[in-house]
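Enquirer: So you can see what is in the structure, the chains are spelled out below.
Protein chains: 4
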Amino acid sequence: MPEVHFEVDTTRPPDDQPGANPFNRWHPELEPVVHTEPGGTVRLECLDWTGGQIVDNDDPNEVRDVDLNQVHYLSGPVEVDGAEPGDLLKVTLLDIGVLNERSEFGFTGIFSQQNGGGFLTDHFPDAAKAIWDLDGTYVSSRHVPDVHYEGKIHPGLLGTAPSQELLDEWVDREATLIDQHDDDPESIPNHPTGESQPPVASPPTPDGAQAGEAEGDVADRIEQEGARTVPPREHGGNTDIKDLSLGSTIYFPVFVEGAKFGIGDIHASQGDGEITFCGAIEMAGYVDLKFELVKDGMSKHGISHPIFEPGHRGPNFSEYVVFEGYSVTEDGEQRYMDPHVAYRQACLEAIEYLKKFGYTGEQALMILGTVPIEGRHSGVVDIPNACSTLALPKDVFEFDISPDELGEAADRGQVPITDDPLS
Amino acid sequence: MPEVHFEVDTTRPPDDQPGANPFNRWHPELEPVVHTEPGGTVRLECLDWTGGQIVDNDDPNEVRDVDLNQVHYLSGPVEVDGAEPGDLLKVTLLDIGVLNERSEFGFTGIFSQQNGGGFLTDHFPDAAKAIWDLDGTYVSSRHVPDVHYEGKIHPGLLGTAPSQELLDEWVDREATLIDQHDDDPESIPNHPTGESQPPVASPPTPDGAQAGEAEGDVADRIEQEGARTVPPREHGGNTDIKDLSLGSTIYFPVFVEGAKFGIGDIHASQGDGEITFCGAIEMAGYVDLKFELVKDGMSKHGISHPIFEPGHRGPNFSEYVVFEGYSVTEDGEQRYMDPHVAYRQACLEAIEYLKKFGYTGEQALMILGTVPIEGRHSGVVDIPNACSTLALPKDVFEFDISPDELGEAADRGQVPITDDPLS
Amino acid sequence: MPEVHFEVDTTRPPDDQPGANPFNRWHPELEPVVHTEPGGTVRLECLDWTGGQIVDNDDPNEVRDVDLNQVHYLSGPVEVDGAEPGDLLKVTLLDIGVLNERSEFGFTGIFSQQNGGGFLTDHFPDAAKAIWDLDGTYVSSRHVPDVHYEGKIHPGLLGTAPSQELLDEWVDREATLIDQHDDDPESIPNHPTGESQPPVASPPTPDGAQAGEAEGDVADRIEQEGARTVPPREHGGNTDIKDLSLGSTIYFPVFVEGAKFGIGDIHASQGDGEITFCGAIEMAGYVDLKFELVKDGMSKHGISHPIFEPGHRGPNFSEYVVFEGYSVTEDGEQRYMDPHVAYRQACLEAIEYLKKFGYTGEQALMILGTVPIEGRHSGVVDIPNACSTLALPKDVFEFDISPDELGEAADRGQVPITDDPLS
Amino acid sequence: MPEVHFEVDTTRPPDDQPGANPFNRWHPELEPVVHTEPGGTVRLECLDWTGGQIVDNDDPNEVRDVDLNQVHYLSGPVEVDGAEPGDLLKVTLLDIGVLNERSEFGFTGIFSQQNGGGFLTDHFPDAAKAIWDLDGTYVSSRHVPDVHYEGKIHPGLLGTAPSQELLDEWVDREATLIDQHDDDPESIPNHPTGESQPPVASPPTPDGAQAGEAEGDVADRIEQEGARTVPPREHGGNTDIKDLSLGSTIYFPVFVEGAKFGIGDIHASQGDGEITFCGAIEMAGYVDLKFELVKDGMSKHGISHPIFEPGHRGPNFSEYVVFEGYSVTEDGEQRYMDPHVAYRQACLEAIEYLKKFGYTGEQALMILGTVPIEGRHSGVVDIPNACSTLALPKDVFEFDISPDELGEAADRGQVPITDDPLS
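Protein chains in written order, with full-length UniProt numbering: chain A, 1 to 423; chain B, 1 to 423; chain C, 1 to 423; chain D, 1 to 423.
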């Protein structure tokens with residue numbers, strides 16, 4: 001294994017870590033804490049994205065009450081010698097795993113509509129939680145019985161630091177959206193409530209900010225100005241791409257000297273979309289990374305976002321049940337070419353289907369959030385209906401979910417749900 | 001092979017076919033022309049979706065001038081004995097192929113912005129066309145050199161007839177959208193021009209309508225009232241799902257006695273999204289189908305849209321270059337959780353990437369429209385940016401498109417493009 | 001489709017065909033009947049390997065009585081302009097299919113021990129037969145219920161003509177083996193009976209020989225001297241490789257001017273090993289082929305046998321039950337590193353396993369012969385036991401064959417078996 | 001992670017281990033050192049199969065001089081409560097990995113013909129060695145440049161203890177073979193030299209024997225009578241099946257109370273056949289196992305050898321170059337249906353092919369031994385030639401090995417080879 005360059009202690013708070021402290025804002029002035037030559041490999045340990053706010057118990061109120069200003073705690077930055085703006089930073093995911101004997105569980109949360117929300121928050125407004133056992137390559141949950149499968153392990157969040165110019169662009173364009181929402185909440189398509197909560201974007205805020213190892217004025221600037229880590233952006237970031245998994249090689253645009261790469265938000269498995277928001281199987285863990293450079297790669301390849309070559313680790317499935325959705329809302333409203341609505345409908349169809357086998361809606365939602373489902377843009381041109389599909393692998397279930405095989409619905413229990421939605 | 005129940009002659013107009021005439025509107029009163037018991041298999045031949053308006057030459061103006069009121073010409077309806085509303089009609093795609101010695105080419109079109117448009121019509125406003133050779137399992141094009149691959153053959157359009165109630169619902173909800181667009185074209189997110197063309201939806205119109213074998217008042221009603229075939233809806237229809245390919249089994253909701261199943265719009269291959277609109281490799285051909293019934297299947301399974309189990313024919317690839325897009329427009333505008341914009345950005349990135357290898361933008365667009373790319377809803381919860389990805393299989397190219405392998409761009413010619421955008 | 005260059009009529013005998021007559025011996029002087037430039041594509045039609053001796057009925061005695069001197073009837077030879085000894089002939093399998101409305105069934109035979117035998121003839125000495133329906137990409141059999149799958153279609157036999165020198169080498173080395181067997185039948189390891197039947201090799205014989213379109217002295221020489229088509233040899237020939245399927249590209253050594261390529265023995269599907277001998281789903285059909293040349297390819301690549309790149313058509317499966325066998329015979333005799341015995345044991349284990357689900361031994365044998373099982377040389381160095389494995393895809397069955405799911409054995413009928421083993 | 005039940009220290013000799021000592025003979029009286037209920041999970045650490053005789057350096061003489069009487073050092077036995085003869089022991093491979101910071105390299109050896117030999121020992125008689133870096137999911141070697149791939153990690157050896165009756169049967173049948181070889185070395189087909197070395201089987205011997213934690217008379221009996229671990233047998237054992245990899249579930253026959261399961265010989269990757277004998281990437285490591293029981297499973301399923309269901313971890317490849325071999329020896333001798341010879345020929349063809357790209361024969365052999373090649377029994381009935389194939393995945397190379405792409409052979413160095421073949 002590569003040398004551990006970023007040790008974490010999951011029993012201690014994120015701002016009192018044994019080596020370096022993680023950071024949770026993106027900023028050009030982030031202070032590198034790991035240094036490597038091109039060709040070097042490093043191990044970085046990572047807290048879970050919330051920094052330990054959710055633990056292995058049956059209390060869903062932790063999810064209800066999570067402080068989202070703190071997320072996501074990231075390990076790094078890694079400075080790669082010779083990386084310059086315009087280069088591509090080539091990163092190979094050599095290994096990803098749990099912190100043995102230190103943190104060996106995973107969690108999935110349905111966020112409260114008052115604190116985070118999610119893709120189907122109008123259908124599932126209350127906080128809920130499931131705990132997963134991580135048994136090597138397999139995952140299973142006492143809260144979601146009869147699913148047992150080899151997960152698609154990957155980092156949800158990884159990227160390079162923005163330049164000041166790019167950071168300004170991010171902040172400005174997101175502020176414009178926030179302003180529009182403040183002016184007229186109903187003007188934002190697909191906002192789940194049309195109200196003030198959940199927000200449409202997260203502007204910079206020093207509340208909960210952690211600047212890593214930066215100090216003094218620099219730390220102040222990072223905390224005041226740093227971009228929130230929630231959305232993916234031109235540098236990668238919180239892409240939550242399940243296929244960017246073990247064995248993948250990613251090429252990131254470089255925007256500052258040294259690249260200043262950060263990573264975190266490890267998922268033991270996730271379906272396309274990560275539809276419960278805190279929807280993957282979230283975990284603390286480690287990642288082993290190899291860093292290389294493609295000089296002047298952005299212009300050579302004509303790209304301004306990351307690209308990647310996936311690994312070969314699967315899990316590879318051949319048997320699926322596929323659900324379809326089109327861009328008509330569940331209230332019957334016709335939208336124009338809206339894959340957001342289309343994918344929602346496919347998800348809702350799959351949830352109803354799984355309920356016939358005895359799962360609750362919350363369990364079904366968590367299955368779709370964590371199993372490596374394939375969520376596809378199947379059609380995007382047939383006016384006015386976008387068509388999205390959701391392919392659910394059959395082999396993750398310990399019983400047969402084929403359409404021809406419908407038997408009696410079993411009692412499959414339930415996940416813990418908040419009984420008092422207000423904290 | 002099953003008995004041919006719907007013979008077509010691609011040299012004759014769609015309203016003068018040797019057996020039955022195809023239909024191009026959805027209506028409960030469609031006249032069945034094929035009858036089968038559950039368990040029965042039939043071969044249906046199909047015109048290409050335009051009914052022969054585009055032929056094997058280098059003239060792009062056929063695409064510019066296509067009459068879209070006529071589309072899509074569908075074969076059937078097939079009446080299945082005993083099918084009743086609430087059942088699921090189980091259809092297995094036993095075989096799909098070309099009409100040997102009768103129609104052995106495929107075409108891909110970029111529609112004019114004044115007539116059809118498409119996913120990237122603001123970037124590619126002029127009509128263009130490519131012709132494909134269909135060599136058994138392989139496809140290739142004189143207009144798009146150095147791609148040669150085993151296509152993902154499938155019917156773009158297949159479904160059951162709506163009930164009167166469902167038809168009314170379709171027409172009403174789409175009319176509401178059209179009205180909204182008429183009132184305020186700019187109020188429709190993701191409309192590519194914000195102007196009157198292309199339309200946001202296609203209302204019923206007798207222009208170009210063909211009622212199949214219905215006659216008299218019934219034919220009049222079908223032509224006047226029948227739903228256009230462009231969008232997918234609760235009955236399936238124009239789903240354009242590439243994975244619903246050879247060997248797949250689909251379960252369709254039944255809305256009228258006998259189900260009245262229709263099919264057409266065969267594609268020799270297509271990528272997720274069919275992004276050029278006429279973006280698959282369009283072809284005339286035949287389909288061999290097996291029909292079965294799941295009685296009362298809609299409520300048993302809790303579904304209101306088709307579901308399916310994919311076949312095992314691949315083509316299976318393991319090597320990809322994957323492009324990412326987020327919901328910020330190419331003009332830098334921040335959208336809220338908009339996978340439409342995100343997938344557009346991934347497509348635009350891939351096009352720029354392919355241009356570095358010597359393809360023109362139009363060629364690149366046609367590659368993405370026809371190669372079985374995987375277009376995924378990778379992230380749908382990380383406010384405000386949806387993340388979509390586009391996975392391009394490397395093996396379809398006759399040279400290496402890996403990021404590490406960039407050499408000199410070759411001259412790869414161009415597809416025929418309209419030089420006079422007005423007809 | 002390419003032009004048909006070799007039309008067959010399955011209702012007429014192999015020596016009275018409408019175009020050219022097929023050939024069933026390999027010889028350098030074979031008379032080419034199809035000519036093509038490098039880059040050309042042709043369609044060849046093919047009789048089934050027996051030339052129509054077995055038809056669609058329930059009579060197993062056809063298998064018992066088949067004249068094996070006649071096999072295999074091959075289409076061609078194809079002469080490729082410019083092909084010279086030392087070149088590689090590159091052949092792409094563009095398409096393979098049934099002869100619609102002319103011959104639409106397949107058959108599998110267990111040969112009698114007195115006429116052909118097979119891999120397990122000592123366990124299954126009597127002739128038996130199963131007829132398969134070929135429904136597009138799917139196969140099924142009234143004699144083997146509850147299996148229904150997408151077959152792995154491929155030509156069992158394809159190759160180039162030998163030079164005189166190579167032919168002589170073939171005949172000599174096989175004669176040596178025959179002599180050894182005649183001298184001491186028990187000296188031949190793995191001969192199934194240790195007796196005179198079945199033979200260990202098939203020497204040239206004019207009985208049943210058909211020289212194609214050669215005439216006069218040349219025809220006489222071909223019939224007298226021509227190598228039998230049963231074994232694969234340096235030119236390819238009867239390789240029976242299931243993975244050399246639709247979409248594959250094969251590189252054949254060229255031994256004579258023009259290459260003189262022949263093909264036949266089409267299989268709708270087959271498992272690794274083709275263990276029932278006539279074990280694939282045998283069919284008449286067509287193949288569409290593209291021919292190219294790699295000049296001086298044999299020495300460039302250092303090869304003296306064909307190599308190939310498989311297509312991408314699968315069928316791709318992810319769920320298997322795998323059986324193991326080692327090189328100890330079913331009588332408990334220890335063999336030294338003998339994968340023949342090892343694979344036999346894996347097959348016998350799989351047969352017993354399938355019998356627990358209600359299949360007869362003969363049905364189980366035919367399942368293993370026709371389903372695309374993976375038969376692997378798992379271990380070949382652990383003295384004294386070779387280890388072979390047999391991976392059976394679960395999805396080809398219409399019920400669950402998982403080890404955890406064993407229920408009551410159903411009555412699944414039986415295949416027709418000879419009741420009088422002597423003809 | 002499960003509790004570590006069998007800790008190893010790779011810096012200490014195999015008979016002085018910190019917890020329990022490993023065993024290297026199979027015997028019914030083995031002393032269990034790990035106990036579990038059905039449903040339990042345990043972690044076992046394992047020495048490499050030689051117990052540390054080969055280390056990370058460039059000295060090939062370690063391979064030349066390895067003491068093969070000592071192999072294989074196995075961890076366990078694990079006693080499973082309630083396991084009785086006739087049951088199946090269901091074992092799930094939850095995780096497999098390296099011993100971080102303790103032993104992080106792998107090795108591949110070509111054994112000397114005078115000490116071990118191997119599948120191609122007559123072509124490669126001298127000892128050679130390669131060292132591999134294990135970078136998470138990737139492997140690479142300074143001795144075999146330009147290959148870099150995700151390995152197929154698996155235990156080469158795992159099984160249950162034999163009953164006394166079964167042990168006697170093993171010893172007797174192998175002794176018969178040894179006697180035959182002693183009487184007439186040339187009577188053993190496929191023995192690589194026809195001489196006394198390498199042996200045809202390994203009889204019990206107390207030399208090098210280690211009885212685990214058994215003591216006194218029991219230990220003496222184990223050492224004197226215990227079966228050697230080299231071959232796979234009815235209990236599993238040294239199957240060296242690459243597909244029995246991470247995530248797999250295996251069902252082992254139980255022959256003694258408690259099953260007495262042992263495991264070792266971990267491979268970071270291996271091709272079908274493990275053709276260099278010490279041919280996988282050998283490593284020390286850990287395995288996490290879940291144990292369950294299927295009561296009376298042997299008769300329920302009709303099996304007498306292990307069966308398994310493979311995991312979904314791949315690595316999954318779609319692009320291959322496939323080599324063919326038939327049962328004619330490289331000296332031109334015709335064998336009867338001999339897949340051993342056939343697979344040898346396929347291997348030799350592949351080696352010559354790789355040499356054209358600049359590898360030495362030894363490097364090519366090690367590539368085929370370690371890359372997850374597919375080695376198939378493609379044809380086993382076409383008298384007299386068995387046909388075996390070897391499918392080499394293209395993506396494991398950092399350059400293109402396609403037949404169309406042959407360029408100049410690069411200088412790719414060499415592995416360390418013994419210069420004095422005698423120790």
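If you're looking for bench data, these hints aren't it; they were derived computationally from the structure.
Hints should not be assumed to be uniformly reliable.
A pair counts as met if it fits within one copy or between any two copies, since identical chains are not told apart.
[As the list claims (entries may be wrong)] Below, simulated DSBU-like cross-link-like pairs (lysine-lysine); rule was C-alpha separation at most 30 Å, straight line: (1) LYS290 to LYS300; (2) LYS356 to LYS295; (3) LYS394 to LYS300; (4) LYS290 to LYS355; (5) LYS394 to LYS355; (6) LYS300 to LYS355.
None of the values given here were measured: they were computed from a predicted structure.
Enquirer: Hints first: check each against the structure and report whether it holds.
Expert: Hint-by-hint comparison with the structure:
1. LYS290 to LYS300: within (22 Å within a copy, 36 Å between copies)
2. LYS356 to LYS295: between (54 Å within a copy, 16 Å between copies)
3. LYS394 to LYS300: Between copies only: 18 Å across, 42 Å inside.
4. LYS290 to LYS355: between (43 Å within a copy, 29 Å between copies)
5. LYS394 to LYS355: both (15 Å within a copy, 26 Å between copies)
6. LYS300 to LYS355: Answer is between; shortest inter-copy Cα gap is 11 Å, intra-copy 50 Å.
Checked against the numbered hints given earlier, the structure satisfies every one of them.
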